[in-house]
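*Asks:* Residue 509 is where the sequence shown ends in this note's numbering, and the numbering goes up by one at each step.
Worth flagging that the hints you see were computed from the coordinates, not collected in a lab. No false leads were slipped in.
Under the rule of at most 30 Å between Cα atoms (straight-line distance), these lysine-lysine pairs were calculated in the DSS-like manner: (1) K273 / K63; (2) K405 / K421; (3) K85 / K230; (4) K379 / K325; (5) K379 / K356; (6) K230 / K93; (7) K425 / K456; (8) K63 / K325; (9) K313 / K326; (10) K443 / K411; (11) K336 / K325; (12) K133 / K89; (13) K405 / K356; (14) K89 / K230; (15) K325 / K313; (16) K252 / K326; (17) K442 / K410; (18) K133 / K93; (19) K189 / K85; (20) K356 / K326; (21) K379 / K326; (22) K410 / K379; (23) K443 / K410; (24) K341 / K379; (25) K326 / K341; (26) K379 / K405; (27) K489 / K379; (28) K443 / K489; (29) K405 / K442; (30) K410 / K421; (31) K133 / K189; (32) K120 / K252; (33) K405 / K273; (34) K411 / K442; (35) K63 / K336; (36) K63 / K326; (37) K379 / K273; (38) K252 / K313; (39) K356 / K410.
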Amino acid sequence: MSSIRVRFAPSPTGQLHFGGLRTALYNYLFSKSFNGKFLLRIEDTDRERIVPDSIEQIQTLLKWTRLQPDEPPIIQSERVDIYRKYLNKLFGKLNHQNQPHIYRCFCSVDRLMHLRHECKRRSQPYRYDGRCKQLTEKQQNEYLQQGLPHVIRFSLPTDDQGIQVYEDLVYGHHEHSPYITEGDFILLKSDGYPTYHLANVIDDHLMNITHVLRGHEWQTSTSKHLLLYKAFNWSAPIYGHLPLLERERGRKLSKRDPENVINPIEIDYYRQKGYFPNAILNFITLCGGGGFTDEDAITGKTLDEMISLFNIKLFSRHAAIVDFKKLSLCQRAHFKREYQKSIEGRQNIIEQLRQKVLHYYPEKNFISSIQLQNDYLEKVLNMIDFRIILLDELFTNNSYEYLWKEPEIKKDFIDNIEQFKFVIKQTLNNFNEIHFRHDDIKKFIEEYQPNTITNKQIFRIWRLVLCGCLQGPPVQEIATFFGSDTVRKRFENALVVLDQQNENVQVKL
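Take the sequences, apply the hints, and build the full model.
*Replies:* If you want it as structure tokens, here you go:
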């Protein structure tokens with residue numbers, strides 16, 4: 001097989017989403033599985049739909065996921081003269097029906113809207129009727145002299161040669177005639193910019209693209225592109241179309257879906273939330289096959305491992321369901337793998353956690369310098385033991401607030417303040433007897449507290465003093481995590497607060 005060259009060709013018309021990143025990933029895996037090249041092309045010729053900063057975001061996310069192109073990116077808006085040059089070569093050339101390959105179309109917007117309306121009234125698909133194909137050269141020159149706006153259309157064969165037949169890498173045998181469904185399509189718009197079809201074919205040829213992997217929605221465009229290759233007398237690449245992505249059967253994954261509020265499809269949302277790039281990539285491999293299983297994704301494969309597993313022959317031809325519940329499983333697997341696999345991986349996560357502390361507590365008087373040290377942050381990560389999915393949960397979930405600041409003991413959790421204070425005083429009076437080993441905490445509670453209060457009540461009080469909440473890791477684990485100085489300080493502070501309260505209550509169980 002000759003050297004494989006593929007490209008990811010997004011349009012900067014919005015944020016990169018799961019569908020776009022899947023196309024990038026599978027092109028990357030396909031090329032690298034054959035030691036080929038992965039290229040990036042920005043298709044920005046639809047000037048009205050361009051969203052500012054989209055190009056930069058696409059490149060940022062490709063770098064974040066390590067899907068780095070092997071050559072500098074191609075920007076189509078910088079190549080308009082190239083497209084016009086090649087298009088001009090088709091003027092005067094005839095197809096096998098002795099019709100010009102291309103022609104100027106001066107039809108007004110009003111006429112085209114009327115034509116569309118008539119097609120709809122007759123329950124027919126909209127198809128341009130080829131009216132301007134009949135214009136004489138004299139008529140065309142007159143219109144040009146008048147400065148009438150025009151586009152350039154491709155003249156489609158009307159016989160069997162207009163039916164394009166090819167073997168799709170995913171879907172197998174495919175044939176389609178764009179003449180039947182659409183009519184002569186536009187190559188150059190009235191603003192002088194090429195359409196997707198013209199720029200796509202010229203760039204794929206000039207970039208020596210050997211294989212095109214893109215979404216299933218572009219399958220009908222492939223027949224147009226094959227006709228353009230024949231008109232230019234160029235060899236076409238091999239095409240493969242990836243199955244559609246759906247939230248549920250029959251419901252296409254869409255940027256306008258209301259469920260995006262709950263499960264967004266924009267990749268940058270997950271990057272900013274702290275998801276690991278490989279977790280996102282593994283999640284994508286669950287959407288449509290390619291040689292990947294649920295077990296592969298959820299155990300957390302590296303990019304190199306994904307390359308070795310990839311097999312385009314194992315793609316599904318059915319729409320792929322995007323199950324966002326599995327994203328959490330992929331993230332947890334990569335969190336664990338990244339933290340455990342190497343010193344470097346662990347240090348990266350510790351540094352991320354440090355930055356989160358500074359982000360959520362910008363006023364440094366809220367936290368101590370100890371809480372920014374590697375030892376403390378590593379102890380935090382070891383204690384939570386992958387109970388969380390994202391580092392942000394250590395700050396957005398109130399159950400972990402005690403890790404960063406003094407807990408607030410809520411009155412709702414107390415019923416007899418004197419009993420509560422008694423347990424605290426007993427603890428402080430005998431504090432030197434605590435050795436802060438896991439079993440010693442339990443032994444201390446059993447030996448130095450009165451029989452009138454159950455161990456369950458005492459553990460509850462300890463938890464409230466240390467954490468300010470009623471649920472979390474075992475009390476012994478929390479106490480040994482903090483150590484003698486912090487535990488003593490929290491008991492002393494709790495006593496000061498309780499001395500200021502006057503209510504008479506009993507601890508709620």
